[in-house]
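*Asks:* So the protein lines, in turn, are chains B and P.
Using this note's numbering, read the first sequence as starting at 1 and increasing by one per residue.
Using this note's numbering, read the second sequence as starting at 1 and increasing by one per residue.
These aren't lab readings, by the way, just hints derived from the structure by calculation.
Small disclaimer: the values here were computed from a predicted structure and weren't measured.
A hint or two may mislead.
[Stated by the list, open to error] Which bits of chain P does chain B cover? Going by a derived footprint, with three or more residues having C-beta under 8 Å, they are: (1) 135 to 143; (2) 191 to 205; (3) 261 to 273; (4) 341 to 347; (5) 362 to 371.
[Claimed, not checked] Cross-link-like lysine-lysine pairs, in silico, DSS-like; alpha carbons within 27 Å at most: (6) P:Lys141 - B:Lys264; (7) B:Lys267 - B:Lys348; (8) P:Lys232 - B:Lys267.
[Stated by the list, open to error] Far from chain P, some chain B residues (derived; all Cβ distances over 10 Å): (9) Asp4; (10) Leu5; (11) Ala21; (12) Glu35; (13) Val69; (14) Gln106; (15) Asp136; (16) Ser214; (17) Lys257; (18) Leu290; (19) Met302; (20) Gln305; (21) Ala318; (22) Thr344; (23) Asp365; (24) Met380.
The beta-carbon is built from N, C-alpha and C at its ideal position, and this holds for glycine as well.
Given next are the chains, with one letter for each unit.
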Amino acid sequence: MDFDLSEEQRLLKDSVDRLMADRYDFENRQRYAKEPEGWSRALWSAYAELGLLALPFDEAHGGFGGGPVETMTIMEAFGRSLALEPYLATVILGGGLLHHGGSEEQKATHLPQIASGDLRLAFAHTERQSRYDLFDVGTTAQRDGGSFILNGQKSVVLHGDSADKILVTARVAGSRRDRDGIGLFLVDANAPGVSRRGYPTQDGQRAAEVTLESVRVDAENVIGNPEGALPVVEKVTDIAIAALAAEAIGAMDEMLKLTVDYLKTRKQFNTTIGSFQVLQHRSSEMFIALEQGRSMAMFAAMMAQEQNPEERRKAISAAKVQIGRSGRFVGQQAVQLHGGVGMTMEYKVGHLFKRVTMIDTLFGDADHHLSKLAETGGLMAA
Amino acid sequence: MDLRFTDEELAFRDEVREFFRTALPDSIRRKMIEGHHPSKDDLVTWSRILNAKGWAVPHWPVEWGGTGWSPVKQYIFRDELQQAPAPEPLAFGVSMVGPVIYTFGNEDQKRRFLPRIANLDDWWCQGFSEPGAGSDLASLKTTARREGDHYIVNGQKTWTTLAQHADWIFCLARTDSSVKKQEGISFLLIDMKTPGITVRPIQTIDGGHEVNEVFLDDVRVPVENLVGQENKGWDYAKFLLGNERVGIARIGISKARLKRVRELASVERIGDVPLIEIPRFREKLAAVEVELKALEMTQLRVVAAESRREKGKPDPASSILKIKGSEIQQATTELLMEVVGPFAMPYHPEEEGRNEPTDGPDWASTAAPTYFNWRKISIYGGSNEIQKNIIAKAILGF
Ligand SMILES: Cc1cc2nc3c(=O)[nH]c(=O)nc-3n(C[C@H](O)[C@H](O)[C@H](O)COP(=O)(O)OP(=O)(O)OC[C@H]3O[C@@H](n4cnc5c(N)ncnc54)[C@H](O)[C@@H]3O)c2cc1C
Ligand SMILES: Cc1cc2nc3c(=O)[nH]c(=O)nc-3n(C[C@H](O)[C@H](O)[C@H](O)COP(=O)(O)OP(=O)(O)OC[C@H]3O[C@@H](n4cnc5c(N)ncnc54)[C@H](O)[C@@H]3O)c2cc1C
Chain B
1 MDFDLSEEQR
11 LLKDSVDRLM
21 ADRYDFENRQ
31 RYAKEPEGWS
41 RALWSAYAEL
51 GLLALPFDEA
61 HGGFGGGPVE
71 TMTIMEAFGR
81 SLALEPYLAT
91 VILGGGLLHH
101 GGSEEQKATH
111 LPQIASGDLR
121 LAFAHTERQS
131 RYDLFDVGTT
141 AQRDGGSFIL
151 NGQKSVVLHG
161 DSADKILVTA
171 RVAGSRRDRD
181 GIGLFLVDAN
191 APGVSRRGYP
201 TQDGQRAAEV
211 TLESVRVDAE
221 NVIGNPEGAL
231 PVVEKVTDIA
241 IAALAAEAIG
251 AMDEMLKLTV
261 DYLKTRKQFN
271 TTIGSFQVLQ
281 HRSSEMFIAL
291 EQGRSMAMFA
301 AMMAQEQNPE
311 ERRKAISAAK
321 VQIGRSGRFV
331 GQQAVQLHGG
341 VGMTMEYKVG
351 HLFKRVTMID
361 TLFGDADHHL
371 SKLAETGGLM
381 AA
Chain P
1 MDLRFTDEEL
11 AFRDEVREFF
21 RTALPDSIRR
31 KMIEGHHPSK
41 DDLVTWSRIL
51 NAKGWAVPHW
61 PVEWGGTGWS
71 PVKQYIFRDE
81 LQQAPAPEPL
91 AFGVSMVGPV
101 IYTFGNEDQK
111 RRFLPRIANL
121 DDWWCQGFSE
131 PGAGSDLASL
141 KTTARREGDH
151 YIVNGQKTWT
161 TLAQHADWIF
171 CLARTDSSVK
181 KQEGISFLLI
191 DMKTPGITVR
201 PIQTIDGGHE
211 VNEVFLDDVR
221 VPVENLVGQE
231 NKGWDYAKFL
241 LGNERVGIAR
251 IGISKARLKR
261 VRELASVERI
271 GDVPLIEIPR
281 FREKLAAVEV
291 ELKALEMTQL
301 RVVAAESRRE
311 KGKPDPASSI
321 LKIKGSEIQQ
331 ATTELLMEVV
341 GPFAMPYHPE
351 EEGRNEPTDG
361 PDWASTAAPT
371 YFNWRKISIY
381 GGSNEIQKNI
391 IAKAILGF
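Can you make the complete structure from the sequences, with help from the hints?
*Replies:* What follows is the structure in structure tokens.
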């Protein structure tokens with residue numbers, strides 16, 4: 001057992017941390033949010049130059065063969081800085097679906113483009129009725145010769161507004177909540193019949209409503225088995241949850257740091273408020289929640305690679321529960337201990353709080369995953 | 001001991017409930033149900049409806065528009081108002097400066113200000129907090145220097161709620177810095193139109209504009225706008241903060257939000273099962289209801305004891321109301337977030353007259369902003385940490 005980073009992983013961490021320290025302070029972040037796409041093209045290029053956009057892919061496709069630990073390192077840095085770029089949407093979700101579900105040809109076509117920063121992706125799965133159930137798919141894909149015709153509406157598609165292509169789950173067979181019969185389709189965002197309405201999200205990122213009206217998808221853009229895409233979708237979203245857990249840890253770590261700094265400098269009653277024992281205890285509780293979360297983020301990173309899907313899913317659910325709860329506690333207390341200042345847009349801490357809140361609602365909140373875990377017999381079940 | 005309302009109290013409850021059902025404009029009721037902030041016009045309209053009925057300031061002395069209701073009836077009235085759900089009359093006027101004026105002000109001030117507060121002709125804001133004086137309010141630095149028949153006021157206030165609409169601000173300012181910090185403070189009423197006042201907006205994390213910074217630069221305030229005695233302002237402020245805490249449990253608001261949660265959870269489904277039928281969710285909701293019921297009983301005990309207590313001496317139990325009341329309100333906003341699920345995500349800035357479609361179900365857009373915004377209630381009105389200090393002091397004695 002080894003919790004330390006390897007030499008290579010350490011180098012990666014140092015270079016990402018340096019990039020974010022140099023170019024992603026809070027002021028810059030707020031500026032990037034005002035750019036036309038809601039994130040920075042310049043930083044996207046910088047990520048490409050550093051090889052971050054190629055990280056999880058095989059060397060044959062221009063990648064670096066990085067695993068969940070490498071992803072965790074990057075996501076933690078992104079969480080700390082509140083990075084806005086569509087890394088999760090493009091590399092982890094979109095790229096992950098192609099990497100784990102696509103044919104050799106599909107990978108050879110698209111992954112190098114992701115790596116170079118030229119292709120941005122989004123993953124459209126949520127529907128009005130689906131809540132957090134990935135298998136609840138009402139969008140239809142009708143066979144038409146070798147092609148499919150897609151109809152339906154997808155909601156809260158992360159970075160769906162700036163994506164070049166969108167991976168869409170659609171039902172080829174079966175009824176709305178069947179686990180079988182779901183296909184995964186790579187749709188050109190500008191294809192006839194695709195309409196998108198982009199909007200900001202509560203945490204300052206971007207998402208879109210995507211409507212598909214008789215959208216034709218050719219055979220070459222069907223990812224994997226058109227009636228059996230769910231296992232790949234679940235695998236990749238589990239990897240994404242592990243990545244989000246790391247991002248949340250970065251954000252929590254930053255909140256604790258800002259709060260501790262504040263406790264050391266803010267004076268009331270002729271003393272720094274950090275001298276009040278209640279606040280000392282509160283910050284230790286935040287620290288505990290953070291470290292418990294960090295442990296589970298590491299667990300998630302390890303288990304994202306687990307071959308047995310049931311074991312993987314349980315572990316990821318457990319991590320999501322812990323991250324949701326830790327994030328809620330750390331976020332609420334960070335705001336509370338900042339007093340009025342924590343309530344304002346001008347300070348970073350409130351934005352971090354909002355980001356961890358939204359991470360909880362991505363791919364199932366803590367309660368959703370707790371139920372899932374309980375229904376499958378819990379973690380310790382033999 | 002009989003914990004039930006009397007027949008008379010029940011009849012009274014029906015009467016006010018019926019009034020709120022018919023007199024509250026539908027557009028305002030909808031906004032309240034959906035979690036939008038009522039506009040200035042909404043609040044003025046509603047305050048005047050209440051005032052026309054004679055119910056704008058029930059807790060005031062009868063001679064200034066009060067109703068003479070018993071504390072229990074006052075409670076029923078407020079509870080029904082919150083459950084309607086109707087906007088609460090602007091607290092800065094009717095609950096804060098109004099009582100200070102009728103308790104410590106002179107006859108001129110009472111005549112000049114009280115009727116206009118009751119009718120919301122004057123919009124008041126609270127100028128207590130400063131950048132360096134939050135929980136430690138007494139350390140405030142804004143000064144008022146006497147010059148002939150004026151005070152010259154200099155300093156900065158912050159977190160001033162709805163100062164952007166205000167006609168008047170009540171301020172604590174230091175009139176003597178040679179004495180103990182609590183002893184050199186005066187309570188001044190300042191016309192917001194006076195030269196030297198600048199209001200700068202502060203945006204809160206939910207995207208709203210509800211607080212402000214207020215800069216006072218050589219602001220000339222006539223001495224007749226001093227309340228009570230010079231250097232006695234801290235006593236008046238403590239009186240005011242005590243009153244603020246009593247109303248802060250907002251049990252009716254939590255009841256209204258739980259009702260909303262229940263309704264929406266009957267519409268939202270996981271698969272084909274309404275969320276409200278999922279045991280995990282139901283139990284969570286029931287647990288909050290239990291806490292709320294306990295708080296309501298505690299509140300009623302405080303109310304019942306009120307008639308026996310010395311005027312102006314708040315019950316230390318009011319800190320319980322503040323702490324539990326804020327925690328329960330915050331818990332209801334978390335439940336709402338859970339109901340909304342993935343549709344908590346889209347952000348729609350609140351703007352008057354905006355009519356773009358919302359993304360996702362139209363009731364979802366206020367869930368996250370309400371959750372974010374409601375974090376404030378454990379910070380203001382004496383933070384929950386300060387309230388616990390007060391309880392600790394009361395039970396430990398040091
Ligand atoms: C939305 C909003 C609206 C407001 N509206 C108004 C208004 O209209 N008018 C007005 O005058 N003010 C208003 N306030 C200000 C509010 O009263 C203050 O924010 C509050 O008094 C806390 O002060 P502070 O923000 O400076 O925090 P601080 O006092 O700096 O507190 C920071 C943290 O330290 C804790 N702390 C402080 N002292 C102690 C202690 N002795 N023991 C343990 N913990 C302690 C606090 O609980 C908090 O968690 C508003 C605030 C908010 C957020
Ligand atoms: C909008 C706003 C609302 C506020 N609401 C409240 C409120 O509801 N209740 C409230 O007490 N304060 C409130 N404060 C301010 C702050 O809590 C007071 O400044 C402080 O409690 C009194 O300090 P003092 O010792 O100088 O005053 P004192 O005159 O000595 O005491 C006033 C009261 O404060 C208590 N107190 C004194 N020191 C402490 C302490 N370290 N921790 C806790 N309590 C203490 C005392 O028991 C006493 O009841 C509020 C401030 C603002 C801006």
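*Asks:* Taking C-beta pairs only, is Met302 of chain B more than 10 Å away from all of chain P?
*Replies:* 27 Å, holds
*Asks:* Was Val69 of chain B rightly flagged as not at the interface, with every chain P Cβ beyond 10 Å?
*Replies:* 28 Å, holds
*Asks:* Quick check for students: does the CB of Gln305 of chain B sit more than 10 Å from each CB in chain P?
*Replies:* Its Cβ never comes within 10 Å of chain P, the nearest being 27 Å, so this holds.
*Asks:* Beyond 10 Å from every chain P Cβ: check whether that's true for Met380 of chain B.
*Replies:* The claim holds: Met380 of chain B sits with its nearest Cβ about 20 Å from chain P, beyond 10 Å.
*Asks:* At a Cβ distance under 8 Å, does chain B reach at least three residues of the stretch 341 to 347 of chain P?
*Replies:* Coverage by chain B holds here, the residue count being 7 at a Cβ distance below 8 Å.
*Asks:* Mind verifying the non-interface call on Ala318 of chain B? Its CB should be farther than 10 Å from each CB in chain P.
*Replies:* 16 Å, holds
*Asks:* Holds or violated: Lys141 of chain P with Lys264 of chain B, Cα cutoff 27 Å?
*Replies:* 22 Å, holds
*Asks:* Could you let me know if the closest chain P CB is still more than 10 Å away from the CB of Asp136 of chain B?
*Replies:* 7 Å, violated
*Asks:* Evaluate the condition: distance from the CB of Leu290 of chain B to the nearest CB of chain P exceeds 10 Å.
*Replies:* The claim holds: Leu290 of chain B sits with its nearest Cβ about 19 Å from chain P, beyond 10 Å.
*Asks:* Beyond 10 Å from every Cβ of chain P: is that where the Cβ of Gln106 of chain B lies?
*Replies:* 28 Å, holds
*Asks:* Between the alpha carbons of Lys232 of chain P and Lys267 of chain B, is the straight-line distance 27 Å or under?
*Replies:* It holds: about 25 Å lies between the C-alpha atoms, which stays within 27 Å.
*Asks:* Assess, step by step, whether the Cα of Lys267 of chain B is no farther than 27 Å from the Cα of Lys348 of chain B, and give holds or violated.
*Replies:* Within the cut-off at roughly 20 Å; holds.
In this structure, the hints that do not hold are numbers 15, 22, 23, in rising order.
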